[in-house]
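Protein chains: 2
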Amino acid sequence: MTMIFSEPKLLRLAAREGRFAEPTAGHAPGFLQANLMIVPQAYAFDFLLFCQRNPKACPLIEVLEPGSVHPACAHDANIATDIPLYRLYRDGEFAGERKSVVDLWQPDFVSFLIGCSFSFEAAVAEAGIPLRHVQQGRNVAMYRTNIPCAPAGMFHGEMVVSMRPIKSSDVARVVEISGRFAVAHGVPVHVGNASEIGIVDLAKPDYGDPVAIEENEVPVFWACGVTPQWVAQKSRIPLCVTHAPGMMFVTDLKG
Amino acid sequence: MTMIFSEPKLLRLAAREGRFAEPTAGHAPGFLQANLMIVPQAYAFDFLLFCQRNPKACPLIEVLEPGSVHPACAHDANIATDIPLYRLYRDGEFAGERKSVVDLWQPDFVSFLIGCSFSFEAAVAEAGIPLRHVQQGRNVAMYRTNIPCAPAGMFHGEMVVSMRPIKSSDVARVVEISGRFAVAHGVPVHVGNASEIGIVDLAKPDYGDPVAIEENEVPVFWACGVTPQWVAQKSRIPLCVTHAPGMMFVTDLKG
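Those protein sequences? They're chains R and L, same order as listed.
The first sequence: position 96 = 96 (the working numbering), numbered continuously.
Throughout, the working numbering is defined as the position within the second sequence, counted from one, plus 255.
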């Protein structure tokens, strides 16, 4: 990795000015990072209920007032510009990526900030457990699974997970450490045996970059805040705006 | 207390048939009890967001589908009949109590079940710490405070708390035990010094029955699921249906 932002605000500014459109893992260590889901207010109750019913995949950090772009969890931030890369979904179809969504903004947009597993990575690294995707400056590997989410109104579908290869001797400690970060998905949902949760080929993630699994390592899976994107597709939600997987909103909150 | 229901279902049936309209503290020990808040769907997003922003006062157990009277957390239950006593609020005014709300039911009613501190009382009693209101078969004492809730949409106001007198030597243990019940309001919000949170006279609770505080005891305060009722009044919500304070919906869930 060429340059690490230590301050959330500097990363947000770089994203705002179009100078940074990369995965945010490894940046601003110790600060909570967040997935973004924006839906028009007509679907906001259903989506808020979806989060309430699926706290592992969708631990809420903040829900902004309808129309607002200014989250309380980040000073002087703008939710429509400060994420490195956004994704657009229309009627269940992926509809492109962009560096800003200012031009698309609607007064009825409700923004949901959802915890991200990147938030516990600094604590895991401090415990002397290396994380390969951070070391290699790549995006974390993410997979669609067969784990059903609890449906809510128009939202239904399966969980997306992130995967980190962990040494067998470190698995228990990683469980303990990540368990202290409830708002960052907490403990893993699955350890080993990827095929049991419907993952056919670990070398082909549905989002992010593949990462090698070395001998003496097992794949460890955490619920992932990309779940709403996949659920929005499966549920054919007319319109939603999200972050691009791995390119998070970095808050000023300490994890 | 004359008779204790050990089975949630039997208590719900007795309430349904109008045979039981008393406080539920001490009944069905070990089972989660729930506060009820019903609002028309037009206010449901705002209220769900209020719960998300105020998890100490409003820890959600379940949100029912719009119009549904059948919660998943209680077998064969009916949310419109199975609570010992209901309260009605219109435009911020208390509008009476009744044993059933079947005749008032609207297809757009959304029911919220919110954790109740009665749920940790069995564990506290098992630890050898007596709770006076349970011993005396009275309702727990509840007070409006000056502790502001985080507002959400049309909902704003202050927290309501329940109070239990606890021996000074037992306070720490009660904190530990109640802390294990996050969905039942968790640890206390205040210990001692009632006037600091705006309570003028402990002998005059705003809801429930007064209870003596003996020598060697301090009043210990927990966030209370009656908060939505007071907030609905302060916010002049056009219509909501709730349980009568202290007369809870008893679920089949183990605490």
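Simulated from the structure, these hints should not be mistaken for lab results.
Hints may be right or wrong, so weigh each one.
[As the list claims (entries may be wrong)] Estimated spans, in silico, between C-beta atoms of each pair: (1) L/K509 with R/N193: 55 to 63 Å; (2) R/R180 with L/N448: 25 to 33 Å; (3) R/F94 with L/A427: 50 to 58 Å.
C-beta atoms are modelled at their ideal positions from N, C-alpha and C, and glycine is treated no differently.
Cross-check of the supplied hints:
no.	hint	in the structure
1	L/K509 with R/N193: 55 to 63 Å	violated, 29 Å
2	R/R180 with L/N448: 25 to 33 Å	holds, 31 Å
3	R/F94 with L/A427: 50 to 58 Å	holds, 54 Å
Of the numbered hints stated above, the single one contradicted by the structure is hint 1.
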